[in-house]
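Undergrad: With these hints in hand, go ahead and build the complete structure from the sequences.
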Amino acid sequence: MTVVDESNTSIAADRGDALLRVDQLQKYFPITGNGLLRRRIGDVRAVEDISFDVVPGETLGIVGESGCGKSTAGRTIMRLLEPTGGRIEFDGRDITKLSRRELVPLRREMQMIFQDPYSSLNPRHTVGTIISAPFKVQGVKPARGVQAEVQDLMARVGLNPEHFNRYPNEFSGGQRQRIGIARAIALRPKLIVCDEPVSALDVSIQAQVVNLLEDLQDEFQLAYIFIAHDLSVVRHISDRVAVMYLGRIMELAESDKIYKAPLHPYTHALTSAVPLPDPRAERKRERIILTGDLPSPINPPSGCVFRTRCPKAQQRCTDEIPLLREFSPGHYGACHFPEERKLV
Amino acid sequence: MSQPFLDVKELRVQFPTEDGIVNAVDGVSFSVQKNETLAIVGESGSGKSVTAQAVMGLINRKSATITGEVFLDGEELVSASKEQVRSLRGKRMAMIFQDPLSSLHPFYSIGRQLVEAIKVHQDISKAKALGISRDMLDRVGIPNPERRLKDYPHNLSGGMRQRVMIAMALLNDPELLIADEPTTALDVTVQAQIIELLRGLQKEFGTAIVLITHDLGVVADMADQVVVMYGGRVVENAGIEDIYYRPEMPYTWGLLGSVPRMDVGRHERLEPIPGQPPSLIRLPKGCVFRPRCPYHELVPGNRCDDERPDLVPTSASHAVRCHLEPAQRREIAAERLGSPAMEET
Ligand SMILES: Nc1ncnc2c1ncn2[C@@H]1O[C@H](COP(=O)(O)OP(=O)(O)OP(=O)(O)O)[C@@H](O)[C@H]1O
Ligand SMILES: Nc1ncnc2c1ncn2[C@@H]1O[C@H](COP(=O)(O)OP(=O)(O)OP(=O)(O)O)[C@@H](O)[C@H]1O
Ligand code: SF4
Ligand code: SF4
Ligand SMILES: [Mg+2]
Ligand SMILES: [Mg+2]
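Chains as they are written, first to last, in numbering that gives the first Met the number 0: chain A, 0 to 343; chain B, 0 to 344.
Everything labelled a hint here was simulated from the structure, so no lab data went into it.
Check before you lean on any hint, since a few could be wrong.
[Said to hold, decoys possible] Label-pair ranges, simulated between beta-carbon atoms:
| no. | chain 1 | residue 1 | chain 2 | residue 2 | range |
| --- | --- | --- | --- | --- | --- |
| 1 | B | P142 | A | E169 | 34 to 42 angstroms |
| 2 | B | S156 | A | E325 | 13 to 21 angstroms |
| 3 | A | E325 | B | V311 | 41 to 49 angstroms |
| 4 | A | R123 | B | D98 | 27 to 35 angstroms |
| 5 | A | Q314 | B | R198 | 32 to 40 angstroms |
In this text the structure is predicted, and so the values were computed from the model without any measurement.
Note that the Cβ used here is the ideal one computed from N, Cα and C, for glycine as well.
TA: This is the structure in structure tokens:
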């Protein structure tokens, strides 16, 4: 393999036994014309050159605004979408090009939880059937029988085990999310990609589910990729956070650093825009208000994709793509003119 | 204090349904002054939107029973005629809705919709109304307003649509603006723009704002006064500082304990409220929060089960609906919130 960009690959190199390595991953969605031949006339560049790794038992958060490519990244890593370029390695094995059949055993190790607890559960199946589906697909026969195992799982995620014969519409949003979680942990995976798992829930229920995810992580040594647009939730649950903008990673650091010492102007603007639930602190804060709209991922700006809205943009930002570099141990940023370190 | 611009007293909205009567709003009272922002917070289904719609006279009286009083600058609206309320709506009071797409007409241009909204209340030429519309789009920070007038809602980003909604609400210089989750569907950077915009408008025109949201960060940023709703009732009503630093109702404690904060050690565990919000059809006989309240045992004699607590003032600007003794409540709050929140107080 030729190393295209040394600074990028070093992210995956440093941290020893990664469970997942993502290297210069790309995912484009072709746009076809209306003509008879449906020729490809362009691409939605949903994910453009992202690299990171995840070690066992760790939570990596991915944040960014709507349309920045978070879900596409998650689905591509899960191989629910075909990558356009780059490489995905799971447990030391290249899974970028595995066939659908070769992927089946991998699903024991990697699972996904979705945002919408309503549409991700089949309304015609009982909760028992839904939670036990992974056993069936994988041909796994739990020692004490499927029903006992399902009821154990239900109890573990805080559902009443007696309710295994009920249908999803008999459960509230928070309970449905618990059903999705029970299904995801059924085979004791090593990694769960959680795509906005609490975004549709009320705050009090959201906190219940966040605590449950944390407990399950401790109990089963799970690694999470936790995707959400709510920076407070992501920071709370994640060990490290990747900030995405227009398909690219702008900054990647320990979650406390993202808030306290962001080095990328976009991260800075994003964190300053999140209001704190504390009126005195909130009213003392300085807010960076971004102007303009998000550019289209079909035709992203040249150079730095954030330059059309960046208060610090200069000529070099138009001419040259800033690569993701390590500025201090474990703290990566993609910017030509990073912020001065300032504690907020 | 002068007479409040909006004064809501014992507002009740009941919807008869096949399953029984939904007590969506169950005796809600609050008031707002000019130049002041009152936030209504609470979880999904607690009756926030129905309260707003009832104030605006937007609930079909055939489908619901509405009682209580709503005074807008001294004028009572619940018993007023439809025509009377309609003449005030869009003029003296206006609303920004939860979902901008559902409240903008998809087939009409932005310009046409704005012009019509003006002409309901003002007898002016189309050219003049278009001019006012363009200026208003400009005021709410929409670039190229002239061109935007010809656009349709689907041509605009979510943030732009929300600005158009705000522009429409402001066309006739309303004195009261009710904003129902104005930023919930938006990204935080856009939310910051919209909050800035609302704040600027209030400063300029002295608008009274009722802000409905479940985001305690947005409330901390914008509100002067806060109403906490649960199960269709107001469970706590206080000034912004009291709500965050001296809250006295177990539900409010639960809400504050549930939100992760960006500025505290991230390893602090969240303290969620157990259980789920109540059904509004079969409300508990005593306190609505009883099934989820960890403190009911501290109240002697099963009162939390049997007796509905009243909203009782604990100071001139703070009222609480809970059977716990005030001293007990303060002690628990201090313990739950820890010292940082109580310092300087
Ligand atoms: N199947 C698809 N075909 C074409 N374009 C797509 C497809 N899926 C996603 N996109 C586009 O790719 C970009 C990234 O979308 P994605 O859903 O990954 O964003 P996101 O960060 O998850 O956003 P959100 O916060 O709204 O969920 C968007 O511009 C989106 O419109
Ligand atoms: N037209 C109606 N007929 C019957 N029930 C209704 C009607 N409108 C609202 N409700 C019920 O009234 C209750 C309060 O609804 P409301 O929309 O005010 O909640 P909310 O606090 O605004 O919630 P959210 O945060 O989800 O917007 C809900 O249980 C809702 O189902
Ligand atoms: S590279 Fe330039 S435009 Fe991009 S974030 Fe840094 S300063 Fe801003
Ligand atoms: S009245 Fe009783 S149940 Fe209700 S909040 Fe107070 S202590 Fe809890
Ligand atoms: Mg998404
Ligand atoms: Mg609502």
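Undergrad: Under the constraints set out in the numbered hints, which ones does this structure not fulfil?
TA: 1, 2, 3
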